[in-house]
Structure formats: structure tokens, C-alpha cells
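> Given two chains presented individually in distinct reference frames, assemble the corresponding complex, making use of the accompanying hints.
Chain residues, written in single-letter form:
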Amino acid sequence: MTAIPHETTHASRTAGIAYILKKSLISALVALVLFSLMVGVRTEAGSDGQLTYWTRFGEVAALVAVVFGGSIVIELLRQWIGPNGTDSLVPPAVRSGMSFLGRYLAPALLIFTFLVPVIFYDQRYILDLAILVLTYVMLGWGLNVVVGLAGLLDLGYVAFYAVGAYSYALLATNFGWSFWICLPLAGTLAAFWGVLLGFPVLRLRGDYLAIVTLAFGEIIRLVIINWQSLTGGPNGVSSIPRPSFFGIPLDNSDNGLAARLGIEYSPTHRIVFLFYVILALALLTNWVTIRLRRLPIGRAWEALREDEVACRALGINTTTTKLTAFATGAMFGGFAGAFFATRQGFISPESFTFQESALVLAIVVLGGMGSQLGVALAALAMIGGFELFRGLENYRMLVFGMAMVLIMIWRPRGLIGHRAPTVYLTKAKAISSDLVKEGHG
Amino acid sequence: MDYFTQQLINGLVLGSIYGLIAIGYTMVYGIVGMINFAHGDVFMIGGFIALITFLLLVSTGLTAVPVILLIVILVSMAITALYGWTIERIAYRPLRHSFRLAPMLSAIGMSFVLTNYSQVAQGARVKPIPPLITGGYTLHESADGFVIQLSNIQIVVVITTIVLLAIFTWLVSRTRLGRDMRACEQDQTMAALLGVDVDRTISMTFVIGAALAAVAGLMYLLYYGLVDFFMGFVAGIKAFTAAVLGGIGSLPGAMLGGLAIGLIETFWSAYFSVEYKDVAAFSILIVVLIFMPTGLLGRPEVEKV
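Chains A and B, in that order, are what the protein sequence lines are.
In terms of the working numbering, the first sequence has 33 at position 33, counting the first letter as 1, and numbering is strictly consecutive.
Count along the second sequence from 1, then add 1000; that gives the number in the working numbering.
Bound-form chain B, shown alone (with noise of 0.2 angstroms):
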């Protein structure tokens, strides 16, 4: 039971920052319909910009966690929507009105182009970090001498991701930048005559989904202590299965696939086997593809002739 427990809270904390990820995928497909498919590329660089921001900030002598703490998600958050909105106006805004592999494709294209990028530039080894964040709760600590351990960058990762949800909940049901996206979901013809701009919103969602996604990979950073250049191509899938597994297009979905995907992951390493669990992650995609195309919170995509 205890380990079960401290599983429970290893899964938790790792379904947070699928659920980060996965909204990216979720608000660009309801609202574009394509698979943003460079998107776990986006979740590395930001893991890449927080890690350097991280280096220049400790170089320069400051030692207060908190403050680092802050500037660093505030930088990889500005820089890494700012690659998000590269993206969107290079690599698939020329393609909106083009046949429906053509977006998917290039998406395809801009991953190789973001790995590659920071690998050139970055070189290819595993860049590690001291641990930022230290220390954490004994919760209980059973007779045979097993203990259920809460650190503090587990705290940390889950209150960012609640406080973000949060934020991002308020943006989407009150703003006028959130019903412009509610918009477009439903009809972007319909949405443009009455005077939304289409794309901006559409670059809009780009930048949240990025900056989301530079959360996730700080939060990766700090809770797994490195970042290479190749870590973003299965996140991205796995935080793809996750939308699909809450129901693409649906933003409390995904953060329930994530959710349920970092689970699945961390009770499959800890129970089967460590080696095979991307095979079961990517068995259950196939699985609830198969048995709920719609997912557990998506709608039934109606096909009209």
C-alpha cells in the first residue's frame, strides 16, 4: 500500500507535465485541426532556455531559489511562445487552406528542424543540473521501514501546473481572447464575419500552447535534473496520446489524459517492467483509439459527405 501511495504521487507529478504538454496539442487541434506535430520539440527548447537562463542567473552570483525560480519561467515563457509563433508563421500559416497532409508534413519538417537546431547549437550530450530545489516530507514511514517521501519539487511542480490551469481556465471562458478562440473552434468563416481576427487568434493559441509547453520542460528540468535534444519526440508523443486519451480538443481532457497517462506509466515501470513502458504508453493510444475514438471527454466528430 505504501508503495502504491508513493507511486500514486511519482504519477501524479509526471501527469502534470504530460497534462502541460498535451494542452498544446489539444487547443491547436480544436482550433486549426492539425497535429502540431513540432510541439514536443517546443516543450525541449524550453527546457533548453530554462536550463541556459538557469546557468546565466546562478553565473551572476544570485543565490534566492525563488527568484531564480521566477525569472527563469518567465523568460523560457517569453522566448519559447516566441518560437511557437515562429513556427505557426513559417511552417503552417502559408498551409492553412492547402490539402490536409500538407500542415501535418511540415509539422513533421519543424520537429527534425527544432531537434537538429539544438543539437547544432547545443551540442548532443546530456546537460545536467544540481538539483535547484531540495529536501521534502516524510509522510509515513511503514514498519519495514519503507517510506512514502513528498519532496518539495514535487510540491512545486503541481502547484505551478494548478496555479497555470488556473490561469488558463480564466483566459479561455472570460477574456475576449478566449471566446475569439472558442470562436474559431466552432466556425473560423463565421468567427472572421463578425470581425475575429482569425489569425491572430490562431498565433495566439500557438504561444499559449509554447508557453505551456516551456513550463513543462522547466518543470522537466528541475524535476528529472537534465534536458537533451532528443527528449522532446517521446514527450511529445506520449502528451499526444494523452490529448487523444482525454478527448482531442477538450482542455479539461487533456489535462486528465495527461493525468492518466503519467499513471498508467509510472504503476507500469513500477509494477511490470521500466523497459517497456513506452510500449505500454503507446499501447494505450492504440487501445482507446480503437474502443473510444472520441476519448473520455471529447465530442463525436460528425463526418459530413
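Next up, chain A with everything else stripped away, as it sits in the complex (with noise of 0.2 angstroms):
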């Protein structure tokens, strides 16, 4: 990248304002051949089933014109900044504040929320989105273990989401069994079904493992609607029990939680209860994740993310290596769709879509794959995000898409793009993640 001929950069310096207006006509003209027709021409079926449109070229060249003015600025960016890479532009005083900011950053952010119900006790709405940003995360750290620690790229997670969720559903209205003891049935059953998604998939790799993963997550998601008479098909079940505070129940009854304690009734206490048992079922992933990874088991792990040819040549049985990486994935999976089912009381395929797959994964990506830290803050960034555009539900995946892409071509390894090694000699020494290769496996 340095060595680029001095000729060339002063041509290009020179030939500079001509240069960006000819880059930005041509993408103003791309973008109106573009947009010309899809956006330019609405069209909608009438109430008689005739096709109707009507033409909108006000939003076209609105459309155009944002195109040739982004790209302008894209361009004097570009310019500006050069092709040198960011990280040689972080001076080191802001680095030691950065990795100082690093170390305590974990432990700052655990207490605040620890103390999230109780500084936001009155904000219902501000403790529901802490409950998802929580439920994203658990997710994020269970995907973690197949995707950032084992480099399995699986598409189809939400599939385990699901088998969790349906399994203390049906569970709980037909045998009216409690939510705890659902709760390892729940996971216990997304690993097995973890353990059967592997088997197939042993041969494969990269690419083809994400697809065969993401046609299962199909799979799964076609059978629940499908088999109406067990699983109620698209209308979902529904009056799902809440759980119970280890067998008292929280609500107004004379044996409820509240009565007992002989304090008044609140609707928020189930919230915050709730809010608890998330954050133990995440902090609980987290511990076994972190413990993992200092087992063989978790070391044969990132050795197959490195290389897995080189891990069959040491002898690591690459069969029970990845079976296990899928099936504690999946079991973490299916705790937080049993926890999902709880708390909505309510679900329906709909719940289990692709686009939810393609959440946890950005989580995890964004996130930095591997890093657990990474993915909690990137959980909250992107459900945060998410939350903002809230008034504007169809324009909502359309950002996210958008947010995507631009953070695979402006970080592709994600926000905490740096991985420590498990195992070292006298120091860790991170090692950046543009040296090692994964996704292979």
C-alpha cells in the first residue's frame, strides 16, 4: 500500500476536482437507471385486482441527487484520509487509554446492569428493552461458541431459539410442568437437536455448512407451521406460563410473592424478576464459555477455527469437537428460547424467521467473533439501533442490511477486532485477527 508510485498520486492530486465530479455523474447515473423504474413508478393492485401505478419522480431525483452527494463526500474522504489503514493513526496515548478503558469496561458495565432494575424501576419501558438487549446477548454468546470459538458459520441458529421455545410451550400448557424444570428439558432437547444438525454437516465447510444450516432453520420453522395439531401451526400458542419464583407465583393472588412478603403488589416485580433471570441465564453462558475455553475441549476449538487440517495431523478428533461446539451452542440457544416463550406468553413461527438468524450473527460478527465483551456491547448497539428506528418499521431491515455491509467493508473483524490467546508462554500477546484465517471449517 506505501509503495505507490509518486507519479501516480500526483496526477490523481491534480486531476482531482474533475476526477470526483466525473466518479459522481457516473454513480448519479447508475442510481437514476436504478431507482428509474422501482422507485419511479409505484405500482398497486387496485380493490378489482387491476394493477394500478402511479409515477414518483420527485423521490427519484431526490434519490439521485443524495447518490451524487454522498459520493462526492465519499470521494474528498478518501482522499483526504488516504489509503493507509486507521490503526497506524492511533497514537499510543490513546491506545493505553483505550486498552486501560479495555480492562475496566467488562466489570463497569456488569454492575451498571446489575442496577439497571433498580435505577429504572419506574421505566417499564426502559427494563423490556433491557430484557431483549439481555436475551440478544445470551443469544450472541451462545452463537459465539459455534461461530467465533469453533469457526462453524451457522446461519440456522435460530432453529435451536425455537426448538427452546416450543419445548417449554408445549411442555408447560399440556403437562403444566414449571418453568425450571423446563428449562434444562428445553436446552437439553435444542442440543440434541444440535447434535443431529452436526452429524450431516461433518464433511462440510464454509459456505456449505452456512446453507445447509440455514435450509435446517427453514426446516424447522416449515414443520412448526406445518404440524398444526401439535405445534397450532402459524397461530402459534399462546397463554404460556409465566414462571413462578421457585413455586410462588408472582402475581396479586394471597399466595403470590408479593403477599408473602407482605409488600404491595406490583406489575414490575415479575419485569424485574424477569430481568434477573436473564442476566443469570447470560452471565451463566458467559462462565461456561469462559471455563470452556481453558478445557481441552475449548482449545480444540479454536484450534479447528485456526486450521483443521493441522488439527486432524495433531490428532484432535475433529467428529466430537464439532458435535460438542454445536450441541453447547444449541443448548444455550433453546435456554434462551424457553426464557423467550416465559416471557412473551405468547409465540408463532414468526418469532423464528431467517432475519433473526442474521441478527445473532451480526451480533457476533460485529461483535468481533470470539471477543464476549464485543458481543454484548454489539447486542446492544444493534437492538439499541434497532429501537431508534422503531417509528419506522419498514425502513428497519433496510438499515440494518445497509449497516451490515458498511460494517463488513469498514470492519470486517468486527468492533473488538483483536483476539488474546487462550494459552501462552509468558505474556499474552493479542494477536491481530488479520493474521489468522477461519471460517474454513
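These are calculated hints, taken from the structure and not from any lab test.
Among the clues, some could well be false.
Simulated pairs of lysine to any residue, SDA-like, Cα-Cα distance not exceeding 25 angstroms [to be verified]:
#1 B:Lys1277 <-> A:Gly232
#2 A:Lys23 <-> B:Ala1078
#3 B:Lys1277 <-> A:Tyr208
#4 B:Lys1277 <-> A:Val223
#5 A:Lys22 <-> B:Ser1203
#6 A:Lys23 <-> B:Trp1085
#7 B:Lys1277 <-> A:Gln355
#8 B:Lys1277 <-> A:Leu230
#9 A:Lys23 <-> B:Arg1089
#10 A:Lys22 <-> B:Pro1094
#11 A:Lys22 <-> B:Arg1200
#12 B:Lys1277 <-> A:Ser351
#13 B:Lys1277 <-> A:Trp227
#14 A:Lys22 <-> B:Ile1090
#15 A:Lys23 <-> B:Asp1197
#16 B:Lys1277 <-> A:Glu356
#17 B:Lys1277 <-> A:Gln228
#18 B:Lys1277 <-> A:Ser348
#19 A:Lys23 <-> B:Asp1199
#20 A:Lys22 <-> B:Trp1085
#21 A:Lys23 <-> B:Pro1094
#22 A:Lys22 <-> B:Leu1082
Here it is as C-alpha cells:
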């Protein structure tokens, strides 16, 4: 990158304005053609089934103008910042500040999370949002075992989430089993499905694996939709029991928790309880993952991610390694699913579409694949960002998709794009993730 | 037997559409080595552009069906090809030397962008069109009154597919561009050293793939008489299944796989259950990958350390 011939840079500097204008003009022309029909002509089926249309040239003009202006700005930025990587521009002082921040960020965040129900006790909206964020943190950490540690790209993670949710919903509504009995069962069932998926895909690598897991996720969803006698089909399962405080219901009744403690009943109690349940589940996921990374199986996962062939040559059993990764990730997905079912009280196949899988995967990738803190921050950013666009329901996924593309271009390695090895000789040295390859497994 | 023959015809027509989409997947995979996840949505965009062009032409008072069809094909191919080019330029080219997951994730993001872009631009409701090509032939009428029908639209779909395949095969095997494409598929660095413009060749691959997908979108529109913003997802996965079944990277394989998936889906719907036809198609994908990872006509991928 540094060895650009002098003449070239000089030429491109002098031809700057004309060059930028020409490039932006081409972009604008392309945009004009792209948007001409798709945006410029709006079709709609009338009441008699006849298609009608009306034109929207104003919108096309606005979009083309935006593209023109945007590409001028991008070109200018590109010339000013130059082709150098941004890494070298960070001064050492900022770096040490960042590492200081990195050391204390996680504990600070954890303490803050514990205090959220205390601080925001009266704000139901924030509590609900916090529960949602924590659910995705947990899902992200669960998927992180499969994608971040073992390097197996899983596009059907939502299948295990669905298995967990439906396990709890069906067991609870049909047999009246309590949440705390069903939770391990849901996790076990999801892990079982993880192994079931794991077996056929053992031999697949990279992209093939991704597409098969995607197909698997879709199969589960389609079966849930069509097996109406068991799952209720598209109508879903409703009136799923709420969790109890180890047998004591959290309601307004005489033997409810509030009455027993002699305090006034408030519906917020249940929300706060749910908050701590998901926080505990998420921390359990995190703790298990961190512990597993120090066990031989965790090391085998990381070795598998870095190089499968070398792994085999060293005598690591790749079959069990992959299967345990799938099973562990799936189990946490199942826990999260059971929690989701009990929190919502109603589940339907709509909640388990490919979009969810992609969202969780985006969280893991944005978080830097393998970094626990990164995943938590990414979940906060993603779900928080989603909330910002709540009013613009249609534009939400559009923005999400654009963000995914831009993040990949800007920081393909995620927010925290380096990882510290778990095994080291004298001191832990973070490896820039540009040096390792992954996603081959 | 009559029922079987009728389903065979339906399956072949559906398979032609899948095959046209599958070629886009297999070409891109062969050259760049990535799954162009957004390709199914390019197919959907092609269908929408065909619909809009059709609507505009009809409102100008044009009635000659062949003329309408020709203009619609050309316009939707051209604009959809530009979509393919733009997608490659924005979402894939900057990531060409990134790690392997990056283009895949970028493609998933692009797929969301396209799906929701057309939802925002054209609304969420299904867009029907009146049948443009009507009529057909009765091939056989059995004693109990079952009729084997071959409709004109089915003939149009199959003939268009054959003509396009012929042009496409000629393009790949006889032209300079085709030679460049095959060179890039084998070794990009070497091809670049020998004077092949790799960037341009890859761009052209996306353009051709998108143009074929546009025709598939148009055929879908004519055959089923509707488009909606979500049709790209399932069609895309099925076409990818077709590409894998035929052996990814192999062009005749893609067509063969497309026909196979079309037939399997049609027969499954006809003899078992319509609800589980997608499950059948996806299960085929899994089964094929387990027992025949290289597909019907694919070459085994040798893994080097």
C-alpha cells in the first residue's frame, strides 16, 4: 500500500476535482437507471385486482441527488484520509487509554447491568428493552461458541431458539410443568437437535455449512408451521405460563410473592424478576464459555477454527469437537428460547425467521467473533439501534442490511478485532485477527 | 400415467426457472468462490422491473404481445444487470481480499437491503398481472376425462430458457469474455499476469448472472402471474440447492440441478403434500451434501494446507 508510485499520486491530486465530479456523475447516472422504474413508478393492486400505477419523479430526483452528493463526500474523504489503514493513525496514548478502558469496561458494565432494575424501576419501557438486549446478548454468546470459537458458520441458529421456545411452551401448556423443570429440558432438547444437525454437516466446510444450517433452520420453521396438531401452526401457542419464583407465583393472589412478603403488589416485580433470570442465564453462558475455553475441548475448538487440517494432523478428533460445539451453542439457544417463551407468553413461527438468525450472527460478527465483551456491546448497539428505528418499521431492516454491508467493508473483523490467545508462554500477546484465517471449518 | 406426464411438464417448466437462477450462483461461486446470497433478491428485482415495464407498455396502448415481451425482456435484463453490477461494486469488491466470511455476511446484508428496498419502494402487497400469454394445446385426453395440457406460456418459458442457454454457452466457450472468465476461475493471479482484467471479468460475471436472473423473474411473473417482495428468499435458496445438486461451479450442472429440483418439488406436491414441498427441497440439499458433496457434475475440491 505504501509503495504507490509518486507520479500516480501526483496525477490524481491535480486531476482531483474533475476526477471526483466525473466519478460522482457516473454514480448518479447509475442511480438514476436503478431507481427509475423501481422507485419512479409505484404499482399497486386495486380493489378489483387490476394493477394501477402512479409516478414519483420527485423521489427519484431526491435519491439521485443524495447519491451524487454522497459519492462526492466519499471521494473527498478517501482523498483526505488516504489509503493508509486507520490503525497506524491511533496515537499510543489513545491506545493505552483504550486498553485501560478495555480492562475496566466489562466489570463496570456488569455492575451497571445489575443496577438497571434499581435505577429504572419506574420505566417499564427501559426494563423491557434491557430484557430484550440481554436475550440477544445470551443468544450472541451462545452462537459465539459455534461461530467465534469453533469457526463453524451457522446461519440456522434460530432453529435451536425455536426448539427451546416450543419445548417449554408445549410442555408447560400440555403437562403443566414448571419453568424451572422445563428449562434444562429445553436446553437438552435443543442440544440434541444441535447434534442431529451436526452429524450430517461434519464433512462440510465454510459456505456449504452455512447454507445447510440455513436450510435446517428453514426446515424447522416450516415443520412448526405445518404440524398444526402439535404446534398450532401459524397461530402459535398462547397462554404460556409465566415463571414462578421457585414455586411461588408472582401475581396478585393471596399466596403470591408480594402477599407473602407483605409488600404491595406491582406488575413490575415480574419484569424485574425476568430481568434477573435472563441476566443469570446470560452470565451462565458467559461463565461456561470462559471455563470451556480453558479446557482441552475449548482449545480444540479454537484450533479447529484456525486450521482444520493441522487439527487432524495433531490427532484432535474433529468429529466430537464439532459436535460438542454445535451442542453447546444449541443448548444456550434452547435456554434463551425457553426464556423467550415464558416472557412473551405467546410464541408463533413468525418469531423464528431467518432474520433472527442473521441478526444474532451480525451481533457475533460485529462483536469481533470470539470476544465476549464485543458481543455484548454489539448486542446493545444492534438492539438499541433497532429501537431508534421503531417508528419506521419498514426502513428498519433496510437500515440493518446497509449497516451489515458497511460494517463488513469498514471493519470486517468487528468492533474488537483482535483476540488474546488462551494459551501463552510468558505474557498474553493479542494477535491481530488479520493474521488468522477462519470460517474454513 | 397421464397425471405423471402432466406433472413432468410442470416440473420441467419450474426447473427451467430455477436453472436460470442457479447459473448465477454457480458462475459467481466458480470465479469468486463466494455464495452470492443476494442473488435470489436480484431475481425478485428482475420480476418487479418486468412487471413495471409491462404495466407502462400496456398503458401506452401497445397490444402486440411479442413486441411487449421483447421490450420487457430487454429492459428488465438491462436494468437488473445494472443492479448486479452495482451490488458487486458496492458490497463485494472492497471485500475481495478480506477473510472468507466477510463477503458472505455482506451478501446477507445486501439481500436484506434489496428485499426491504422493494418493499419500501413498491409496497408489501402481492402484485398480480392478467395473463399475457393464454391458450395452449391438449396433448392427450384419457378415457376418464383427465387432460394433459401444454400451455403456451410453458412453451415460451422452455424455449426462452433453451435459447438463453445456447447464447450463454456460446458466450462462455467461444468469446474472449468467456475465456477470461474461465481463466479467472482457474487462477486469478495468473490470469491477471497474462493480461486479463480480473475486476472487469468478475463484474461481467455478476452482470450476466443478474441478466439471467431477470429473465427468470420475468418467466416467474408470466407463469404464476404475480410478484411480491419476499419471493427472492425461498427461490434463491432453492436455486442454490439446484446449483449444489448439479455440482457448484459447473454450468451444465446448474441447469441439470435446476430441472431436478423443479421435478422433485412438483412430484412431491403432486403425490405427497404441498405444505412440505419446501421441506423436501431443503432436505434434498442436506442429503446431497452428505452423500455427494461435489454434486452431479462437480469436481472434487482438493484442500491444501
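> Which hint numbers does the structure go against, in order from smallest to largest?
none
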